[in-house]
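These are the residues of each chain, in order.
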Amino acid sequence: MSELTGRASYAYAVARSFDPALLEGVRGVDDAEVHLVPYREIVVIVSSVPLAEFDETALRAKLERLPWLEATARAHHAVVDSVATHSVTLPLRLATVYRGDERVTEVLRQSYPRFRAALDRLAGKVELEVKVYTEPQATAPATSPSSSSPGRDYLRRRRAQHRARDDAWQRAAAAATQVDTALATLAVDSRHRPPQSPQLSGAGGENVLNVAYLVDAERAEELAAWARRLEAEAPGARVEVTGPWAPYSFALPDGEEPA
Amino acid sequence: MNGTREVALVDLLDRLLAGGVVLTGDLTLAIADVDLVRVSLRVLISSIGRGEDR
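Note that the protein sequences, when read in sequence, are chains A and B. Start counting the first sequence at 1; every next residue gets the next number (the numbering used here). Start counting the second sequence at 1001; every next residue gets the next number (the numbering used here).
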């Protein structure tokens, strides 16, 4: 039937059942209303999308267009984020699309034990992200009494710049270790990500630590405030905390039977 | 969960393209995770470089 109508089902997240009325007014990709596809006490949050826009060729082309990628990512996140305020939520990867709700039910039935286990593990938990950066580089001090040799001045200046950069990195790395060691003992789980490129994040300074921590939801604010305070104790480093996020980084590894 | 604060796109893509449960969908079979990340980063870098609308 979906083939004829040209519609597909975009899946955002798996969650424990909750009152669908809570999602009233929540809109997903292409501004479509979302609905629940249930199986036993689990649901998948889906919305209807045009089939043709999500086949492989179309998707490949669209992923190259930043405005589309951003709009889709934000819509996906908005749905996940609002579901996560109502129920235990297992976010799905961007652009997980099926040929209709019947297929979603089938996948849910096949992967039920694995979803259930994951939801049990994530109940009452949220994700916090902590990033540590070096302080943005101050401009190197002008070398004082200039000697008779411009070449030597240049080399001295370069060495001073390198030293300053190394020092900044060392200080931030020390702060990062301190933050990570402390948070790792308070968190349920953690995932280290590759540092973000300053070009992408737009953040001044170099990203030396980028970690997602899975923490008890009731303690999230406390831990976030605590991580932020470490910044004051670690001169030369900037600490950024984001979240709470739905547990995106603690989803299951792939490698099971394709559903 | 994040309230009304706008989430940074780079943080979002970190999660949506490298996190989340990976299920094999019906329509995205051949798109590997690595491809997704590479594509998006290339797009981001080039668009920031050109100062295009983001």
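Errors might be hidden in some of the hints.
Unchecked claim - Below, a sample of chain A positions facing chain B; criterion: calculated Cβ distance under 10 Å:
| # | residue |
| --- | --- |
| 1 | 8 |
| 2 | 10 |
| 3 | 90 |
| 4 | 107 |
| 5 | 109 |
| 6 | 114 |
| 7 | 116 |
| 8 | 188 |
| 9 | 202 |
| 10 | 245 |
If you're looking for bench data, these hints aren't it; they were derived computationally from the structure. Since this is a predicted model, take the numbers as computed values, not measurements. Every residue, glycine too, gets a C-beta built ideally from N, C-alpha and C.
Results of checking the hints against the structure:
1. 8: Result: holds, 6 Å to nearest chain B Cβ.
2. 10: Constraint on residue 10(A) satisfied, holds at 9 Å.
3. 90: holds, 6 Å
4. 107: holds, 6 Å
5. 109: With Cβ-Cβ at 13 Å, over 10 Å, it is violated.
6. 114: Check passed: Cβ of residue 114(A) comes within 9 Å of chain B, closer than 10 Å.
7. 116: violated, 13 Å
8. 188: violated, 16 Å
9. 202: holds, 8 Å
10. 245: holds, 6 Å
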